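S.K.: Chain residues, written in single-letter form:
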Amino acid sequence: MRSRSLFALLAALAVTVAACSDETPTLSGPGSFPPGGQAVTREVILPAARFFQVLGGFSGYTDASDAAYVVVANQYGGELNAHALARFTGFPRTVTYSRNGASKTDSAFTYQESRLVLGVDTLATAGRPFTLQVWEAAQRWDANTATWTLAIDSVGEQTAWTEPGGTRGVLLGSASYAEAAGDSLVVTLSPASVKRMADSLSAGVVFTIAETGKRVEFQDMVLRFSVKPDSAAPDTTLNFLASPGANLTTVYTPEQPDPPAGTLAVGGIRSARTLLELDLEQTVPGCPATETCAEVPLSQVQLNQVAVLLRPRPVPRGFGALNSVPLALRLVVEPELGRVAPLGQTLLDQDILFASADSVLALPVTSLTRTLIANDSIPRTVALVSEVSGAGPPPTFGVLFLDADARLRIVYTLPARRPLP
Amino acid sequence: MTIARNLGTAAAAAVLSLLSAGQAPAQSLLSASGLGAPLEPVDARARGLGGLPLGLPDPTMSLVNPAAAVGLPAAGLTVTFQADQLSSVAGDQDQDFTTARFPVIQAAFPLGTRLVATLGYASVLDQNWAVEHADSIFVTGQQISVTDRFRSSGGVARLRGGVGYHLLPRLDVGAAVDVYSGALRDTVYRVFTEGGITPSVTGTTYEWQGLGFSAGARWRGSALSLSAAVSAGGALTAAAQDSGVVSKDYSLPVQLDVGGSARISQRALFALSARWQGWSAADEDVSASGGARDAMQVAGGIESESLRFLGRPVPVRVGGRFTQLPFRFEGAADFVDERAATAGIGMVLGGGAASLDLSGERGWRGGDSAGLDESFWRVSLSLSLLGR
Numbered sequence: 001m002r003s004r005s006l007f008a009l010l011a012a013l014a015v016t017v018a019a020c021s022d023e024t025p026t027l028s029g030p031g032s033f034p035p036g037g038q039a040v041t042r043e044v045i046l047p048a049a050r051f052f053q054v055l056g057g058f059s060g061y062t063d064a065s066d067a068a069y070v071v072v073a074n075q076y077g078g079e080l081n082a083h084a085l086a087r088f089t090g091f092p093r094t095v096t097y098s099r100n101g102a103s104k105t106d107s108a109f110t111y112q113e114s115r116l117v118l119g120v121d122t123l124a125t126a127g128r129p130f131t132l133q134v135w136e137a138a139q140r141w142d143a144n145t146a147t148w149t150l151a152i153d154s155v156g157e158q159t160a161w162t163e164p165g166g167t168r169g170v171l172l173g174s175a176s177y178a179e180a181a182g183d184s185l186v187v188t189l190s191p192a193s194v195k196r197m198a199d200s201l202s203a204g205v206v207f208t209i210a211e212t213g214k215r216v217e218f219q220d221m222v223l224r225f226s227v228k229p230d231s232a233a234p235d236t237t238l239n240f241l242a243s244p245g246a247n248l249t250t251v252y253t254p255e256q257p258d259p260p261a262g263t264l265a266v267g268g269i270r271s272a273r274t275l276l277e278l279d280l281e282q283t284v285p286g287c288p289a290t291e292t293c294a295e296v297p298l299s300q301v302q303l304n305q306v307a308v309l310l311r312p313r314p315v316p317r318g319f320g321a322l323n324s325v326p327l328a329l330r331l332v333v334e335p336e337l338g339r340v341a342p343l344g345q346t347l348l349d350q351d352i353l354f355a356s357a358d359s360v361l362a363l364p365v366t367s368l369t370r371t372l373i374a375n376d377s378i379p380r381t382v383a384l385v386s387e388v389s390g391a392g393p394p395p396t397f398g399v400l401f402l403d404a405d406a407r408l409r410i411v412y413t414l415p416a417r418r419p420l421p
Numbered sequence: 001m002t003i004a005r006n007l008g009t010a011a012a013a014a015v016l017s018l019l020s021a022g023q024a025p026a027q028s029l030l031s032a033s034g035l036g037a038p039l040e041p042v043d044a045r046a047r048g049l050g051g052l053p054l055g056l057p058d059p060t061m062s063l064v065n066p067a068a069a070v071g072l073p074a075a076g077l078t079v080t081f082q083a084d085q086l087s088s089v090a091g092d093q094d095q096d097f098t099t100a101r102f103p104v105i106q107a108a109f110p111l112g113t114r115l116v117a118t119l120g121y122a123s124v125l126d127q128n129w130a131v132e133h134a135d136s137i138f139v140t141g142q143q144i145s146v147t148d149r150f151r152s153s154g155g156v157a158r159l160r161g162g163v164g165y166h167l168l169p170r171l172d173v174g175a176a177v178d179v180y181s182g183a184l185r186d187t188v189y190r191v192f193t194e195g196g197i198t199p200s201v202t203g204t205t206y207e208w209q210g211l212g213f214s215a216g217a218r219w220r221g222s223a224l225s226l227s228a229a230v231s232a233g234g235a236l237t238a239a240a241q242d243s244g245v246v247s248k249d250y251s252l253p254v255q256l257d258v259g260g261s262a263r264i265s266q267r268a269l270f271a272l273s274a275r276w277q278g279w280s281a282a283d284e285d286v287s288a289s290g291g292a293r294d295a296m297q298v299a300g301g302i303e304s305e306s307l308r309f310l311g312r313p314v315p316v317r318v319g320g321r322f323t324q325l326p327f328r329f330e331g332a333a334d335f336v337d338e339r340a341a342t343a344g345i346g347m348v349l350g351g352g353a354a355s356l357d358l359s360g361e362r363g364w365r366g367g368d369s370a371g372l373d374e375s376f377w378r379v380s381l382s383l384s385l386l387g388r
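Listed in order, the protein sequences are those of chains W and H. Counting from 1, one number per residue, gives the positions in the first sequence under our numbering. Counting from 1, one number per residue, gives the positions in the second sequence under our numbering.
Keep in mind that the hints are not guaranteed to be accurate.
Per the computed footprint, the stretches of chain H lying under chain W, defined by three or more beta-carbons under 8 Å from a beta-carbon of chain W, are [as the list claims (entries may be wrong)]:
{"hint": "1", "region": "135 to 145"}
{"hint": "2", "region": "187 to 194"}
{"hint": "3", "region": "243 to 253"}
{"hint": "4", "region": "277 to 289"}
These are computed hints drawn from the structure, not numbers from a lab. Values in this document were obtained by computation on a predicted structure and should not be read as measured data. The C-beta atom is built at its ideal place from N, Cα and C for all residues, glycine as well.
Build out the structure end to end from the sequences listed, making use of the hints.
M.R.: What follows is the structure, encoded as structure tokens:
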């Protein structure tokens, strides 16, 4: 009994201690730091010659049929012409409706005036206002292989357009997009136009811009149409949706430009990439900027931020990126394979979006630098690519050109050691 | 049965020791000065008597006087818990903070009727403190906000092993060896509050090492008891554990303690002690942080057993203390003095197998010329177990 009481006392003591919270007495103000007890951060900028080598640039990994968007342009940048091609599916052959509580099916019906609704990517659009024209396609085409000059370019069949950019038939409709319009554009289509689009022999439609100097990107499109069954009451209309699905592509001319010598290319409709060799194991001054001292390896300082700085260059032929370009740095284990070298893991500290208004691109490679310092067996070759997450459709139509005269910015903190009291 | 009970109390002590080791309490802004804030290895009974380090007539476990445990009837263990609440003003900064710690754990093992072995562990210097400052620096082409923080954590502790011997009918003597240990960890942080820049954290660790010796004696008369103890050592070494820093030695002070107690009535005891610590030996070692001085302490109090509860005497204690602290605060003109008024109460439990002592203190440190003003409330609780 007595032992139990003593144990209870000890336990109570322990609980008492555990319940207490300790607080560290804390001084404030720069004058209260002991000598050497405050961090010193420095920034150095290294030239390309010390860390950066371009191994090669490659392109053509994707084409317009891979993109989740279509582009329509008319002499944008003085050169770029682009038309969107779409073939809508989902038109009914018969319609079913209810009359007096009974279900009726009728193969005879009449199309009503309908609406073609297109989602405009306002950030990827240059030149407002503009007028979108919807033409009947007068020639069969293949969404996977169509180009500006060829309607079909598959194995065993190669058919040129009668009219480059998509042979056009009658004008089905048009709509104006105002200077300050929203993110959708509605083209009103007559019943006759919808009927032509719904014809089973229809080759689809061709989208063009009427005015020159415009480039417009559409994220999606849908046709909202109505029909009136012949056997139904006069006030009966049935609503349907038709969409192009995979029968959607962009044909354009000229081809995405290759970068001039001394320039890196990344992204665009053709998914350009550049292989680089980065030597991130650098040395930096090992003392505050007010002192002179020998350089020390990065392993002897605390890395706060390491970034490769690149300056954008103008892109010719109207292929400049209008919206933000997502960028990634991927490890390349076998750079000798060149164009077909497989890409490894992503290496940037975080996802990077390069906006067209940015004057400098900073690729954060702090984690990569730390890894390379700790493990010298990791390959130094990387590929600069444009992707959202892993391989996929080209994120942007426009390509990014960057000056190869890169800079390496290293922000680091010197080890702080106060002398003992 | 006795062995089993001793093992049980030892296990409990081990648990409490681990709790203590896991904490990093600080008791004063003075932790930032010199080698840190000195800590007293005394239990709650002594704290109730002003912090009296020695001088009581009855056998007690002490980390000051190796002879004090002579006469204990059985193996024993004392664990002391201490909680502080402080208000501190230094310059234009004021702050309140709380701490909790086990400042001292002691055990004694009688070996026959004349000899007793003792083992104890106590905090000696507290080195927990921090500085924080918000600033901005120009990097990556912009002015970026940063928060700088320096954190010192750790302290010096002392493991003492000793023996006491009943030399003459009224005279007990003792000797002990002190092994100093502990660690000091400096951590420097810079946190960038914008710009997506990774924070930096660097640290430096020193381990404290040292050896000291102590001797003491107690003379017990019928109404008067006198005690004295001296301790000294060579050097306290801060052994660097990282490259880029160097180890350093500090002279350990000679410490002299004298004290005595007199029975002033049948149920009342008056006790008084004085201490001198030769910290000036380390003055040159810590000159960069303000130097060190020899420090005096006078403590005393009265213990009365007039109060009874359930037929048993309940000791009631009052006391006071004046202490000169050895290190100067942040380049202030004067060193810091401490004054405290204390009170306490005791209770015997389990037919004498255990005792519980509780004390409270109200204290003040510093002054205008000392660079800081601190006031504190301190509660101490000691549990002593005897294996009989």
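S.K.: With reference to the structure, classify each hint as holding or not holding.
M.R.: Okay, the hints, checked on the actual structure:
{"no.": "1", "hint": "135 to 145", "in the structure": "holds (count 4)"}
{"no.": "2", "hint": "187 to 194", "in the structure": "holds (count 4)"}
{"no.": "3", "hint": "243 to 253", "in the structure": "holds (count 3)"}
{"no.": "4", "hint": "277 to 289", "in the structure": "holds (count 3)"}
Violated hints are absent here; each numbered hint is respected by the structure.
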